[in-house]
Amino acid sequence: MAASFSPFGAPGGRTPDGTHPLPARPARLLTYAWGLAAPLACTLLAWPFRASIRPTHTLLVYLLGVYFVAIRCGRGPSIFASFLTAAAFAFFYAPPIFSLAISESENLVGLAVMLVVAVVTSNLTENVRSQARIAAQRERRASALYRLSKSLAGARREDEVVMIGGRHLYGEFGGLNTLILPDRHGRPRHPGGPPSPHSLRGADLAPVREVLGRGRPVGAVPGGPVLYLPLRGSEGILGVWALEPADVRRVWLPEQKRLLDTFLHLIAQALERARSAERAKLASIEMEAERLRNSLLSSISHDLRTPLAMIVGATGKLEEGLDAMDPDYRRRLIRAVREEALRMSDQTAKILEMARLESGKAALNRQWTAVEEIIGSALQAREGALRDRRLEVDLDDGLQLVYLDVALIQQAMLNLLDNAMKYSPPGSPIAIAVQVSPQRLGIDVADRGPGIPPGLEQKIFDKFFQVQAERAQSGVGLGLAICKAIAEAHGGAIHAGNRDGGGAVFHVALPMPEPPPVPPPADE
Amino acid sequence: MDGKRKLLIIEDDPQMRWFLESCLAEQGWQTQAAGTARAGLALARGFQPDLVILDLGLPDMEGLDVIACLRRRSGRPIVILSARNRESDITSALDGGADDYLAKPFHTSELLARIRAVLRRSAAAGEPVDGVFQAGDLRVETGSRRVFVGEREIRLTPIEYQLLTILARYAGRVVTHRQLLAEIWGGAHIDQIHYVRVYMGHLRHKLEADPARPFYILTEAGVGYRLREGG
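Each protein sequence line maps, in turn, to chains E and Z. Using my numbering, the letters of the first sequence correspond one by one to residues 2 to 525. Using my numbering, the letters of the second sequence correspond one by one to residues 94 to 324.
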């Protein structure tokens with residue numbers, strides 16, 4: 002009902018959200034001017050025809066005038082016009098002319114009837130007018146609710162619901178507002194986060210507590226300009242909405258009050274919906290984590306039981322027949338026990354490390370260290386195993402300082418070295434290269450093995466992933482996953498690819514801050 | 094008092110206790126062992142050991158507190174055993190008064206080497222270390238302040254020389270970054286650990302055949318440095 006033509010006058014008075022205009026009446030003075038003008042116009046109109054029309058019929062012309070004023074200007078002006086009409090008629094048309102007396106009874110009756118008609122008409126039009134106004138307001142409220150409903154339907158998160166609710170409340174009631182929610186312990190807390198244009202700041206928490214307790218609205222004129230309204234959900238009061246309406250009295254009008262209640266009800270529903278959606282999401286994350294935990298446990302169980310079986314078996318055998326045993330055989334058993342035990346130790350360390358990195362509690366212990374020191378200590382730790390390998394180490398500037406968690410990066414390096422050794426034939430070379438550029442450290446570890454099967458460059462960093470499934474020696478498959486977690490903890494990344502000439506290359510890229518100034522050469 | 098040196102073991106795992114005692118008794122030590130910190134401290138008072146092996150993960154007291162208590166009574170050397178291997182725990186223990194550490198699981202040969210190194214230092218405690226330090230081809234003459242690798246003399250700056258002599262004094266034992274920083278630059282720069290790293294890098298370049306694979310000055314990741322022992 003976008004009124005292009007309205008018999009009730011020009012549209013005006015837009016609501017704050019700029020929609021549906023109210024039909025408004027012209028200014029009061031103007032209406033009375035019309036009330037004056039209409040009878041005068043009618044008098045002038047009928048004057049040339051006074052000879053050919055009987056006075057009673059002239060009354061009809063005046064009636065038109067009064068009718069017009071009643072429709073256009075309302076009751077007051079039309080009654081004013083009626084009386085003016087009576088005077089004009091009596092003076093100009095009813096014999097004796099130019100005197101206010103009316104000598105003929107039919108003119109008197111006609112006048113009386115006209116007055117009655119004028120009053121009744123103006124009452125009627127006044128009613129219709131106010132009905133139309135009421136209907137327009139109802140329509141406006143309904144469309145405000147519809148808009149709120151539509152916006153809320155699109156909100157997925159709690160904060161979105163609150164934002165939308167606040168915006169619409171501001172739009173409809175013209176007041177700054179804010180939602181105050183109770184914390185875990187039921188105590189009201191001011192909302193965090195950046196304020197929006199419609200936010201009410203510095204709301205008093207005492208009335209909030211009262212509302213939470215009593216469950217009824219508090220505030221308005223007695224206490225202060227701010228209203229505290231309970232937001233009622235299906236399971237109790239979710240929070241309190243503090244609203245400072247533009248016009249407090251208007252808010253308490255029954256229709257407005259109902260609208261406000263409906264608004265709050267819609268918002269409460271949407272809030273509950275968003276919360277249960279978030280709960281469902283958390284539940285599914287929990288389930289996923291549980292699933293991962295279970296697969297981890299079963300993997301651990303498998304990978305630790307095998308070496309344990311070896312240890313228990315071998316030591317049992319040693320205990321039984323130690324005296325009569327061939328010395329070489331004995332030595333072999335003992336070596337096997339030691340190796341399996343070390344393997345288990347390594348596995349467990351990896352599993353624990355992965356768990357630690359993932360728990361989010363692994364705070365990085367970053368220090369400035371030299372590039373060659375990091376590489377050197379990793380090579381030192383694998384000294385024995387690397388003895389039969391040719392190492393090609395290319396450090397850009399070994400003395401360059403880099404900022405990282407030394408123990409974690411060492412671990413990542415060791416995992417990469419172990420990986421290179423495992424997947425390339427003994428005796429084949431392993432290459433390590435480091436490039437330091439401003440704000441970036443790059444470490445490459447490359448081998449001359451069969452390389453990475455195409456398409457698996459990302460998957461190899463998944464937990465428990467192994468290129469050849471069920472290889473007895475391959476371990477739990479966490480080494481590369483740990484490297485990835487470590488790289489990412491430093492804000493960097495790790496990539497895998499194949500080299501020219503065959504073999505795999507792993508590239509770690511870490512962002513670096515400005516190195517600190519070199520120490521003062523005080524003692525030089 | 095027989096000539097044997099006395100060793101106190103404070104370790105809560107009974108198998109590990111038994112293993113350490115038997116191992117060390119074989120090496121000629123007279124050993125006593127305790128399963129809790131309090132029992133260990135009580136034993137220390139009575140037994141007066143020449144060396145203490147302390148596990149950091151004792152159930153009744155924090156490792157750092159045990160070290161502090163032991164230190165209060167005497168300057169006897171302490172070697173810690175650590176199962177957790179968090180380098181921050183180890184560094185705190187070393188800076189708090191322990192002399193060296195061993196991460197579990199360890200080789201017995203490592204344990205014995207650490208004990209030897211720790212005792213050597215303690216024997217010479219208080220006396221200026223004068224004379225010659227030799228490890229492999231590295232030779233440090235503290236009298237004349239000259240350093241040689243094989244036949245070649247190496248020119249070191251005063252700071253580099255200080256670094257090397259401190260490591261030599263503690264040869265075979267770990268020295269934390271903080272210790273080096275404090276001894277050379279003093280307490281004012283206690284948070285500028287990178288100073289140590291920079292100069293250590295320079296020193297390595299002068300001494301080592303391949304500074305990225307050092308032979309003499311070994312890195313203990315996140316903890317400090319250890320100079321290879323002579324002989």
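Hints may contain errors.
[Unchecked claim] Pair by pair, the computed Cβ-Cβ distance ranges are:
1) G492(E) / A161(Z): 35 to 41 Å
2) E203(Z) / R333(E): 43 to 49 Å
3) P512(E) / T201(Z): 42 to 48 Å
4) K299(Z) / E320(E): 36 to 42 Å
5) N178(Z) / H303(E): 41 to 47 Å
6) N178(Z) / P512(E): 24 to 30 Å
7) L212(Z) / R367(E): 51 to 57 Å
8) E320(E) / T201(Z): 36 to 42 Å
9) E320(E) / G168(Z): 55 to 61 Å
10) E321(E) / D284(Z): 46 to 52 Å
11) G168(Z) / P512(E): 42 to 48 Å
12) L293(E) / D284(Z): 37 to 43 Å
13) G168(Z) / P514(E): 53 to 59 Å
Keep in mind that the hints were calculated from the coordinates and are not lab data. Think of the CB as a built atom: it goes at the ideal place given N, C-alpha and C, for glycine as much as any other residue.
Q) Is 53 to 59 Å a correct range for the gap between the Cβ atoms of G168(Z) and P514(E)? A) 41 Å, violated
Q) Is the distance from the Cβ of G168(Z) to the Cβ of P512(E) consistent with 42 to 48 Å? A) Taking Cβ atoms as reference, G168(Z) and P512(E) lie about 46 Å apart, which means the hint holds.
Q) Lying within 43 to 49 Å: is that true of the beta-carbon distance E203(Z) to R333(E)? A) 24 Å, violated
Q) Lying within 41 to 47 Å: is that true of the beta-carbon distance N178(Z) to H303(E)? A) With Cβ atoms ~25 Å apart, the hint is violated.
Q) Does the Cβ distance between G492(E) and A161(Z) fall inside 35 to 41 Å? A) The hint (35 to 41 Å, Cβ to Cβ) holds, given that G492(E) and A161(Z) are roughly 38 Å apart.
Q. Is it true that the C-beta distance of K299(Z) to E320(E) lies inside 36 to 42 Å, as the hint says?
A. Hint violated: Cβ distance 54 Å, outside 36 to 42 Å.
Q) Could one say that the CB atoms of E320(E) and G168(Z) fall in the range 55 to 61 Å? A) 44 Å, violated
Q: Given the hint of 46 to 52 Å, check if E321(E) and D284(Z) actually sit that far apart at their C-beta atoms.
A: The hint (46 to 52 Å, Cβ to Cβ) is violated, given that E321(E) and D284(Z) are roughly 59 Å apart.
Q) Is 42 to 48 Å a correct range for the gap between the Cβ atoms of P512(E) and T201(Z)? A) Check passed, 43 Å falls within 42 to 48 Å.
Q) Does the Cβ distance between N178(Z) and P512(E) fall inside 24 to 30 Å? A) 27 Å, holds
Q.
Taking 51 to 57 Å as the stated bounds, is the beta-carbon spacing between L212(Z) and R367(E) within them?
A. 36 Å, violated
Q) Do the Cβ positions of L293(E) and D284(Z) conform to the proposed distance bound of 37 to 43 Å? A) 40 Å, holds
In this structure, the hints that do not hold are numbers 2, 4, 5, 7, 8, 9, 10, 13, in rising order.
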